[in-house]
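Whenever a hint applies, use it, and build me the whole structure from the sequences.
Position 36 (the sequence shown) corresponds to 314 in this note's numbering; numbering is contiguous.
These are computed hints drawn from the structure, not numbers from a lab. Some hints here could point you the wrong way.
Unchecked claim - DSSO-like cross-link-like pairs, simulated, lysine-lysine; straight-line CA separation at most 27 Å:
hint: 1; residue 1: K357; residue 2: K289
hint: 2; residue 1: K396; residue 2: K289
hint: 3; residue 1: K357; residue 2: K299
hint: 4; residue 1: K354; residue 2: K314
hint: 5; residue 1: K299; residue 2: K289
hint: 6; residue 1: K354; residue 2: K317
hint: 7; residue 1: K289; residue 2: K317
hint: 8; residue 1: K288; residue 2: K396
hint: 9; residue 1: K289; residue 2: K354
hint: 10; residue 1: K326; residue 2: K354
hint: 11; residue 1: K357; residue 2: K396
hint: 12; residue 1: K326; residue 2: K357
hint: 13; residue 1: K354; residue 2: K288
hint: 14; residue 1: K289; residue 2: K314
hint: 15; residue 1: K326; residue 2: K289
hint: 16; residue 1: K299; residue 2: K288
hint: 17; residue 1: K326; residue 2: K288
hint: 18; residue 1: K357; residue 2: K317
hint: 19; residue 1: K317; residue 2: K299
hint: 20; residue 1: K314; residue 2: K357
hint: 21; residue 1: K314; residue 2: K299
hint: 22; residue 1: K326; residue 2: K299
hint: 23; residue 1: K396; residue 2: K314
hint: 24; residue 1: K317; residue 2: K288
hint: 25; residue 1: K357; residue 2: K288
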Amino acid sequence: MADFSYDIIKKGLDAASIRQKSISSNIANVNTPGFKAGKVEFESELRKAIGNAGVSMKKTHENHLGGTDISSVSPKVVKSEEHSMNENGNNVDIDREMVDLAANEIYYSALIEQLNRKLSNMSYVINR
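See the structure below:
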């Protein structure tokens, strides 16, 4: 049986990994003519999947009410169509990328902390 909170943490870690790669690519291509920065969309899609009602119980039978399925939610990289930062058509804003990099590191660390607590609790229960 799948654990909903574990699934959310796992998908969040996947998103953080993809976001790290996207930011690194943006930074590496800061001077590449015509390069369009990539941005990862994930949290908004997760919010849509969970809905405004919040997290509900998992459906184990088709006749049950409610249920939240996040299996189809996955991070995706979209190219930014914002105005070019340079006259060469490149739209990478290095200051924005550095802020996003720091925010992603904090996000990743928070998810790892949550995962460690969850696994520690499971270990405690198993060993009791």
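> Quick one, are K357 and K317 close enough, alpha carbons at most 27 Å?
Replying inline: With Cα atoms ~6 Å apart, K357 and K317 stay inside 27 Å; holds.
> Under the criterion that the straight-line Cα-Cα distance not exceed 27 Å, is the pair K289, K317 satisfied?
Replying inline: Judged against 27 Å, a Cα distance of about 17 Å means the pair holds.
> Do the alpha carbons of K326 and K357 lie within 27 Å of each other, as the hint requires?
Replying inline: holds, 21 Å
>> So if I understand the rule, the pair passes when the alpha-carbon distance is 27 Å or less; does K357 with K299 pass?
In response: Holds, at roughly 14 Å.
> When you check the alpha-carbon spacing of K357 and K288, does it fall within 27 Å?
Replying inline: holds, 24 Å
> Hey, K354 versus K288, does the alpha-carbon distance stay inside 27 Å?
Replying inline: This hinted pair holds, its Cα atoms lying about 15 Å apart.
>> For K288 and K396, compute the direct alpha-carbon distance and say whether it is at most 27 Å.
In response: Roughly 12 Å between the alpha carbons, so the hint for K288 and K396 holds.
> Hey, K326 versus K289, does the alpha-carbon distance stay inside 27 Å?
Replying inline: holds, 15 Å
> Does the alpha-carbon distance linking K357 and K396 stay inside the 27 Å limit?
Replying inline: violated, 35 Å
>> Check whether the Cα positions of K396 and K289 lie no farther apart than 27 Å.
In response: Holds: K396 and K289 sit about 15 Å apart, inside 27 Å.
>> With the threshold set at 27 Å, check whether the alpha-carbon distance from K317 to K299 stays at or below it.
In response: It holds: about 10 Å lies between the C-alpha atoms, which stays within 27 Å.
> For the pair supplied as a hint, K314 and K299, is the alpha-carbon distance within the 27 Å limit?
Replying inline: Since the Cα atoms of K314 and K299 sit roughly 15 Å apart, the hinted pair holds (cutoff 27 Å).
Comparing the model with each numbered hint stated earlier shows that hints 11, 23 do not hold.
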